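Build out the structure end to end from the sequences listed, making use of the hints.
Sequence positions in the sequence shown follow this note's numbering and run 379 to 787.
Mixed in with the good hints, there may be bad ones.
Cross-link-like lysine-lysine pairs, in silico, DSSO-like; alpha carbons within 27 Å at most [stated by the list, open to error]:
1. Lys-476 - Lys-565
2. Lys-565 - Lys-555
3. Lys-555 - Lys-676
The set of hints was computed from the structure by calculation and includes no laboratory data. Quick caveat: nothing in here was measured; it's all calculated off a predicted structure.
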Amino acid sequence: MTQAQMPVQLAPPLDLDGFHEWLVVRGLRGLTLAEQLEGFCERVAAAGFPMKRAGFGMGTLHPRIGAQTYVWHPGRVEHIPRDRSAQQSAALQNSPVKLMRDAGIRRMRQRLDTNDLPDIEVFSELRDEGLLDYAAMIVAFEEEGALTGTIAPGVFFSCATDEPAGFDDGHLAQITKALFYLALAIKSRATFDVATAVLETYLGEDPGRRVLTGAIDRGSVETIRAVIWICDLRGFTRLSDTLPQGEIVALLDDYLDLMAGPVRENNGQILKFTGDGFLATFDLTGLDGEAVCRNALKAAAELRGALPAFNEARAKACKPVTEFGLALHLGDVLYGNIGAQERLDFTVIGPAVNEASRIQALCRPLERDILISSAFHEIARTCHGELVSLGPIALRGVRKPQEIFTLKP
Numbered sequence: 379m380t381q382a383q384m385p386v387q388l389a390p391p392l393d394l395d396g397f398h399e400w401l402v403v404r405g406l407r408g409l410t411l412a413e414q415l416e417g418f419c420e421r422v423a424a425a426g427f428p429m430k431r432a433g434f435g436m437g438t439l440h441p442r443i444g445a446q447t448y449v450w451h452p453g454r455v456e457h458i459p460r461d462r463s464a465q466q467s468a469a470l471q472n473s474p475v476k477l478m479r480d481a482g483i484r485r486m487r488q489r490l491d492t493n494d495l496p497d498i499e500v501f502s503e504l505r506d507e508g509l510l511d512y513a514a515m516i517v518a519f520e521e522e523g524a525l526t527g528t529i530a531p532g533v534f535f536s537c538a539t540d541e542p543a544g545f546d547d548g549h550l551a552q553i554t555k556a557l558f559y560l561a562l563a564i565k566s567r568a569t570f571d572v573a574t575a576v577l578e579t580y581l582g583e584d585p586g587r588r589v590l591t592g593a594i595d596r597g598s599v600e601t602i603r604a605v606i607w608i609c610d611l612r613g614f615t616r617l618s619d620t621l622p623q624g625e626i627v628a629l630l631d632d633y634l635d636l637m638a639g640p641v642r643e644n645n646g647q648i649l650k651f652t653g654d655g656f657l658a659t660f661d662l663t664g665l666d667g668e669a670v671c672r673n674a675l676k677a678a679a680e681l682r683g684a685l686p687a688f689n690e691a692r693a694k695a696c697k698p699v700t701e702f703g704l705a706l707h708l709g710d711v712l713y714g715n716i717g718a719q720e721r722l723d724f725t726v727i728g729p730a731v732n733e734a735s736r737i738q739a740l741c742r743p744l745e746r747d748i749l750i751s752s753a754f755h756e757i758a759r760t761c762h763g764e765l766v767s768l769g770p771i772a773l774r775g776v777r778k779p780q781e782i783f784t785l786k787p
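Pasting the structure below:
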């Protein structure tokens, strides 16, 4: 059914002289996946291969994206990321790649103008666009035999034409050969993209980028001036003693997501999760310090504003609720690689970080959700109307009491 073939054509071979070398060179130069597909399709189309739509799809390693598809139309490339939760969706189950993997085949061909067209969504979509012939191929990254069953690493490539006679078999054989070169270039770039995504996920965007570009020497640090954000959940120890393990993880994920959102949206970066909270910074380097403080304060206000509705929704769902405690401080910190020879961390350290931690520890005894240091207050001059002084307060390990502020309700 899925292997319906057209009669063999006698068209002259495509002129692909130098094309394979072009693919290798472009792959080595690090073209994006979209650029690779666009260059490939434009060149084979210019050589006489009559495709009107083509694309490839592959799995990826990303906390939100489970797979991605790139679709070429003449003059443009469309990128379609697919959420991890959609990996087993009806659309994926009802797809050519699923048919091929279940059957253990690497190539397929399908006429789109037949009366017995298989009930596959993309086939109907292509036919509605006026396309008549479809061809697909899987280039696996693993040994023979790894294809059937679960989705193994590899590239799924497909193309379609509106030529009444369909694709020429000889031309398809040429394209199939070229696809191995394209797949190698795609794998190279995709591996880099995965490494980038993993590092940014586990280290943060800026630390991940620095590590990937070679900043891996232990003790390699720089002094930066930054707003320091330290937050955690109130009463988490009590909750963790009473809740089942699965509920603890779900609660943490939900609240950490709630707290992290405003930080990311206001140009902060999370450097480290600390159990039920995290350490983040808003870098002042080369920026207006007052504007950076406004961003940090805006993030704090957004978090406070989002919590009541969030807790109400959880309570209605019979889920446990809690509160947060947050400190905002400002100062110089050492930013870079710190740790043991074989296990490094890219983070910030210094007296300012310690002071921020001491301030955050006062949230519970002072019964405040947000505490702000005098150093932050001094720079955030345009925000003074939003802040209320709580007076001089002693910080553990700090010689002199410091004036502490809170954000007005």
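Okay, the hints, checked on the actual structure:
Between the alpha carbons of Lys-476 and Lys-565 the distance comes to roughly 21 Å, so the proposed pair stays at or under 27 Å and holds. Simply put, Lys-565 and Lys-555 have alpha-carbon atoms about 16 Å apart, close enough for the 27 Å limit, and the pair holds. Restraint check for Lys-555 and Lys-676: not satisfied, since their Cα atoms lie roughly 55 Å apart, outside the 27 Å limit.
Hint 3 alone, counting from the list given before, is not met by this structure.
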